[in-house]
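Student: Below are the chains, spelled out letter by letter.
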Amino acid sequence: MTSRDLIAPLAVAAVFCVIPFLGLDGALLNLLIFMMIIALAAQGWNILGGFGGLASFGHAAFFGTGAYATAILQTKAGLGAWPSLALGVALGAAVGAFIGFLSFRSGLRGSYFALITLAFAEVLRIASNSAEITGGAAGILIRLDYGFWNLQFEDRRWFAVLAVICVGLSLVLVRWMERARFGARLIAVRENEEAAKALGVDVFRVKMGAITLSAAVTGLAGALYAQNYLFLDAQVAYGSWISIEALFAAIVGGLGTLFGPLIGAVVLLGVGEITKSLAGGVPGVDLVVFGALLILTVAFAPGGLSGLAQRLGFKGGRA
Amino acid sequence: MYSPLIVAEALLNGLMLGAVYALVALGLTLVYGVLHIVNFAHGAFLTVAMFGVWLAWDRLGMDPYLSMVLLVPAMGALGYAAQRWIIGPASRGADNSILLVTLGLSIVIQNGLLALFSSDTRTIDTDYAFQVVEVGPLLLSFPRVVGLGAALVTAVALWVILNRTDIGRAIRAVAKEKLGASLVGIDVAHVYAVTFAIGSACLGVAAALLMPVFYVEPNTGAAFVLVAFTIVVLGGMGSVTGALVGGLLIGVVESASSLWFGDSLGQIGIFLIFIAVLLIRPTGLFGARQ
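Chains as they are written, first to last, in the numbering used here: chain P, 1 to 319; chain R, 1 to 290.
Bound-form chain R, shown alone:
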């Protein structure tokens, strides 16, 4: 068996991987909680953000973490535009139509990137990618420590936006009662698009945290999207706390199962959890019972 130290390190690393998962899932669950739609293009947006980080490094020589300054507003603008001018008008609010429009959008983005960048994988070399942080007897990977910290900061920021600002109040009003919100003068289409923008901006942060340790090619986001859906469903559709806890949990599960069973089975484990949660408790751990 493995020594307790190795297991503890694996679990902690899983926790930190889970933090980045949680960040991807936060955007997804926010959009679901407010618009009640499943944004299938979320993974494709993540790929766009990751290519953004790579381009900033490749062309401008920008540090991946620093490129958040560019990526967060850019992804926010992209999300706003996509919801306001494509997804919203094309689907007219019908559940199945939204699913299909976002699927179409993800196919366009994914293959557009394939046409532009080909299917080569791209990576960023940094000095700190393989650095470790010593915490007592444990050795932790530096980029993952940063990831955990940034994910927590983002979750707190999201909480503050939703609970302490006017736009946050408007978002929660629209989520609860769309018609009522529009009657008191809230521009629902704008609030929808802002929610989408915040969800996509989270991907800007996630991409910057991922790139030092991961690679990007046009299909990268698709690999994350089912993991993100698993987290969202596990945590309860629309629950921010649920996404955070679910993300950390899935990270630990993946890390532990690849320690014991190898990588590909770890992946199957995630899908099986997803199926089991949907079948047994579709409201998830933190979702309200319908």
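In isolation and in its complexed conformation, chain P is listed as follows:
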């Protein structure tokens, strides 16, 4: 990776850093923060599902672990917010490594892998709904206490900047991956596992690396979610909604591309807000549109929006 490779990700992050200061009202600022959290979760999905070709239906397992760990370590173990966030990411990655170890050792891929990740996320959801440490069905609250060291900002624009910085870091990470041997090996495994093995790629190790990185990034999204909303319950943390939004944003934006998840999150949530306001309080309409967009993307634009942009001659996307 050369310093020139960093220009595009850093420029995009810089642009997004400015947006909070353009005089957005509260609702739009909240939407921006939520977009960044989903973009992060989707980037995590993209590392495994896009670059590695291993579609997961259970990224909630990593998101929820990052979120619960951040919240529990602060409220029950008395740790500071920053170390809690870091440990949340580490624990999310550990859950990824655990699920990956079991699944890849048994050689699961395709539909089987998708289903087993979903089953793991559901086990965690049911368990956390009745466990005492997670606050059970009542959920868990982080005490409101503004301050930099508590990772709570009275001026919500600073939280938006923090979320954008995290997205920027994930862009740099994925750019590094694209340029490093690890990324090349991962793509080789996606394209043809047998051929990659024949060329001496340690398939198991590459997949383990991918799921661990993927889980860490999605875990960070969960940790930010906990810190932003200061409330968690089992349905929010481990519910299938986040597995689905991460997958949708990554695919609609463009699988295996650097900016796909960010584009996907911004477009999907933007479209979602518009349909919600048009539908006027009828529930579920935004998700009907999401589902239809997913089918249309798979059918007509397998490269997602970045792929479309490239086909129309814009340089962005994969550049």
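Each hint should be verified, as a subset may be incorrect.
As the list claims (entries may be wrong) - Each pair of labels, with its calculated beta carbon distance range:
| id | chain 1 | residue 1 | chain 2 | residue 2 | range |
| --- | --- | --- | --- | --- | --- |
| 1 | P | 205 | R | 260 | 40 to 50 Å |
| 2 | P | 27 | R | 157 | 52 to 62 Å |
| 3 | P | 205 | R | 116 | 44 to 54 Å |
| 4 | P | 143 | R | 116 | 54 to 64 Å |
| 5 | P | 273 | R | 164 | 53 to 63 Å |
| 6 | P | 90 | R | 92 | 38 to 48 Å |
| 7 | R | 261 | P | 204 | 31 to 41 Å |
| 8 | R | 281 | P | 308 | 53 to 63 Å |
As the list claims (entries may be wrong) - Stretches of chain R that chain P covers, calculated by requiring three or more beta carbons in the stretch to come under 8 Å of a beta carbon on chain P:
| id | segment |
| --- | --- |
| 9 | 94–103 |
| 10 | 267–277 |
What the hints contain is simulated information worked out from the structure, not anything from laboratory work.
Every residue gets a Cβ at the ideal spot worked out from N, C-alpha and C, and that includes glycine.
Chain R: place on chain P using the hints.
Tutor: Okay, now just chain R, sitting in the frame of chain P:
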């Protein structure tokens, strides 16, 4: 401890609950066995069928069991259309694409129902929902006895269709050798869609059997879909016998574990069985070794 009579009743009730599970799983395993695809929208289709039964009762005053007459052909047509005009063309046969298209379809259906019917739960009141049948010293719930009988009849009907009819022969030919089948003049896209139609028609039967004792809301099918996948994986992907035995087994396990551990842990038990089977023996009890 519980008296042997209570345990025996619980196990028999589990067997009958398992019969309805098996019915849901039959459709799933049939589609997997022939098309080699995992239909993630199966649960959403079940929800549609259950709303169908509820609508027939609510608007037409139709008995839930009688509404099978409407539901089975309607679900068959829905399945045929979904595979022929949406899933087939959109996914072009790639494993991951099919999974994603059926996921997208299930999200559309589930939330479409949410928009139409809201998230209220709906039930059907019948005279026979709480009736019991006396078999010697045992008291068995009437709707569950009907469920067990209907599931067995459906499984036999499925076996007859697959083994004794022309379309059944065509389905098995496509399952074994797609290219060869199309070379001898079998319309593969049509056979795929017919398989999907039969799988969905099974859901029409399952929905009619479920509604007298269960409720429906837009997420109901999603709760069944993982149970159905567990059964399919346990029985062996694509095996009709496996789905039947797996369904009965899971019903008994759920009934026994909720007798001893309470309801929510019974649910976790099913997911853990699912994970264990996938990790240890992904071909299931009756599946062929790859």
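Student: Now tell me, hint by hint, if it's right for this structure.
Tutor: Status of each hint after checking the structure:
1. For residue 205/P and residue 260/R, the hinted distance range of 40 to 50 Å is satisfied, since their beta carbons lie about 42 Å from each other.
2. Taking 52 to 62 Å as the suggested C-beta distance range, the pair residue 27/P and residue 157/R conforms, at roughly 56 Å.
3. About 49 Å separates the C-beta atoms of residue 205/P and residue 116/R, a value consistent with the hinted range of 44 to 54 Å.
4. About 41 Å separates the C-beta atoms of residue 143/P and residue 116/R, a value inconsistent with the hinted range of 54 to 64 Å.
5. Taking 53 to 63 Å as the suggested C-beta distance range, the pair residue 273/P and residue 164/R conforms, at roughly 55 Å.
6. As the Cβ distance of residue 90/P to residue 92/R is approximately 40 Å, the hint placing it in 38 to 48 Å holds.
7. In this structure the hint that residue 261/R and residue 204/P lie 31 to 41 Å apart at CB holds, the actual value being about 36 Å.
8. Distance hint check for residue 281/R and residue 308/P: the Cβ-Cβ separation is about 43 Å, which falls outside the suggested range of 53 to 63 Å.
9. Counting residues of the segment 94–103 of chain R whose CB falls under 8 Å from any CB of chain P gives 7; the rule of at least 3 is met.
10. Note: the segment 267–277 of chain R has 6 residues with beta-carbon separation from chain P under 8 Å; the three-residue rule is met and the coverage holds.
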